[in-house]
Amino acid sequence: MIKPIYGVIAEFDGPTALVNAARAAREKGYRKLDAYTPFPIEELTDALHLHKNRLPLIVLTGGIIGGLSGYLLQYYVTVINFPINIAGRPLHSWPAYIIITFEMTILFAAISAVLGLLGLCGLPMPYHPVFNVPRFALASRNRFFLCIEATDPLFDYEKTCGFLETLEPREVSEVAH
Amino acid sequence: MPDEQQVVEPPPSRDIIAPGYTFGTVTDQIATVVLTKRTPLFWFAGFGVGFSLLLVFLWSVAVLFAKGVGIWGIRTPVMWGFAITNFVWWIGIGHAGTLISAILLLLNQRWRNSINRFAEAMTLFAVACAGMFPLLHLGRPWLFYWLFPYPNTMGVQPNFRSPLVWDVFAVSTYATVSLMFWFVGLLPDLATLRDRTHSRIARFGYGILAMGWRGSARHWSVYETASLLLAGLATPLVLSVHTVVSFDFTIAIVPGWHSTFFPPYFVAGAIYSGFAMVLALAIPLRSAYGLQGLITDKHLDNSAKVMLATGLIVAYAYILETFTAWYSGNVYEESAIWHRMTGPYAFAYWSLIACNIVLPQFLWLKRIRSKPALLFVWSLVVLTGMWLERYVIIVSSLAQDFVPSSWSVFQATRWDWGTYFGTIGLFLFLFFLFIRLLPMISIFEVRTLLPQAKVEEEAQS
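Chain order of the listed sequences is A and B. The first sequence runs contiguously to residue 177 in my numbering. The second sequence runs contiguously to residue 461 in my numbering.
Excised from the complex, chain A in its bound form (with noise of 0.2 Å):
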C-alpha cells in the first residue's frame, strides 16, 4: 500500500542532540530511519548500524580486472598480435609489463569505487522526497536531520511526531511524497 507521505522528519541543532536522537529511535524499534547531516559524522554511523557497505569488494574487484586486462593486453600485443624482437628480449617480456599491470590496477579500481560509490548511493538522483521540507536546505549548512520513514511498521502518525517532540528537537515536520 502507498502510504500518502514519506514520512515525518525532526531537525537538531547540533550533532550530540542528531546522535542521542538516532540512538533513542534506534531503542525504541524504528528501523527505516535516516539521518541527513552537513558532514560525515562517525558516531552516527555506528548508532544507525550501517557500518558495513560492499564498496572496498567493487573496488578489489574492478582493481582485480584492471590488472589482468592490463596484463593480457600486453601479452596479447608483444607475444599474439604483434610479436616483434626488440634488443633481443623475449616476446613474453614480463617485468617490463609490471608498470602498465599497475597503472590499469589503479585505474579501473578508482572508476570502480567512484562508480560504487554513486551505485550504492542510488545517485544521481534528481527527486527525492526529504527536499519537499523548507528548512531542509540547511542540512548542507548547519542542520542536523532525523527522519523516520511512514515504511517503518511501527511508524504511526500521531505517535512518531509525539515521539520526535521528546527528543527536543527544534522542528517537527511532515515530508511529503
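No lab work stands behind these hints, which were simulated from the structure alone. It should be emphasised that the depicted structure is a prediction, and the values quoted were computed from it without experimental measurement. Ideal Cβ placement from N, Cα and C applies to all residues, glycine included. Honestly, I wouldn't trust all of these hints.
Interface residues of chain A toward chain B, partial, derived using beta-carbon atoms under 10 Å [to be verified]:
hint, residue
1, 5
2, 40
3, 47
4, 64
5, 68
6, 166
7, 167
8, 169
9, 172
10, 174
Based on these hints, arrange chain B on the given structure of chain A.
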C-alpha cells in the same frame, strides 16, 4: 533563509582554524566567494593575466601546427629541449595536490582539510598543462591516439617495453584518477551551493553536478569508505607517476640520466615544487578573499616545512649525483657532471643550486616561515629552481653526450618561451575560473574541524 549568521572577522591564529567559527559561518564564508555577484578586482587581475598568456599559448600552438616543431630550438642532439623540461616541471607541481589530498588524508593530518581542494585543482590543471607538451612535441599532435594500443589497419602496436609508452599510461591514469577524486570531494559542497544559491541557473547547474546529494547518513558511510579507498589508490599512483617520468631518463643510457636513484629523487623534487606552488597560490588567495581564519599561518608554516624537508632530499640527490659520477669511474658520467658545472650550462646549474639548496635553508628560520610575503617570494624561487633543475638534467645531458663531434648547444627560441609562458596562462586561466565557480576550500571537511563537530559522548547515558 532563517537565522542568517554573519561572517565573523577571524583573528590571526596558530591553529588550523581560527576560533569563533560555526557551521553556518564557515559555510557562508566559503560559499559567498562563489555565490556573490560582485567579483573582486583581484580576480579580474589574475584572470586577465591568465587569459592574456593563454592567448600567447594559442598563438604559439597555431604557429606550431602550421610550421612544425622546427620553430622550437630543438636540434640534434637536443631533441627534447623545453617541451620535456616543461612536461616534467608541470607534472611535478601536480604531485603536491595528490600528496595533500591522499597521503595526508591517510596519515590523518587534519590541517590538510582546508587546503586540499585547491591543491587538487592545482593538480588537475598542472597535469593538463603537462599533457600539452608531449602532445605538441609529437610533431603531428593530431595523431596522438597512435600512442594507445587499438586495433588498426596499419597492423602496428605500441612497444610496451618502452618507458615512453609507460608514461602515456601513467599520466593518463593520473589525470583520470585525480579528476574523479576531485569530483567525489566536491559532491557534498556542490549540494551546499545548490541549497544556498538564489539564482535559478546556478541552482540547476550545481544541482545537476551534485546529482541529488542530500547528506544522508547512508551516503556518508559509503562516501567515507570511498574517500579512503581512493586515497589509498592515489597514494601509490602519485609515487608511481614521477617514478615512471624518471624512467624516461634512467632507462636511456645517456650519461647524466642513467642512474638508479632518479625515481626517489624525482618524486621528492616533484613534491618540493608542488608545495612551492601551493604556497604561491594560497598566500595571495587567502589575503585577497580574507580567508586567514581558514588557511592560517599554521598551514603556511607546515607547507614550508614540507618544502624544506623535500628540498633537503633533493639536495642529497644532487650531492649523490655528483658523488656517483665521480665514484663510478666512468669517463662519460664524470664529464657529463663536469660539463654541467663548468660548461655552457654552468650558469643554469649554479642558479639551480642556489635556488634549490642554498636559499631554502633560510626556511629553518621561523621569522621567514611566519611572514607570508617572504614565503611567497621563496616559493617562486623554488619553482624557478626546480624548472632549472629539469632544464639542466634534460638539456645539458643531451647537448654533451658521448662523442664531442655530436655536441651542440641548445638555444631556446621565442616560441619555446611563448609555449612555456602560455601554459602558465592556461593554468592561471583554469585556476581563476575554478575559484570563481567552485568552492576553493572543502566546506564539509572544514566543518569537521570545528570543536562543535565532536559528538559529546557523556551526554548519551
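Inset, instruction - Report the numbers of all earlier hints that the structure fails to satisfy, in ascending order. - result: Of the numbered hints given earlier, those the structure breaks are 1, 4, 5, 6, 7, 8, 9 and 10, listed in rising order.
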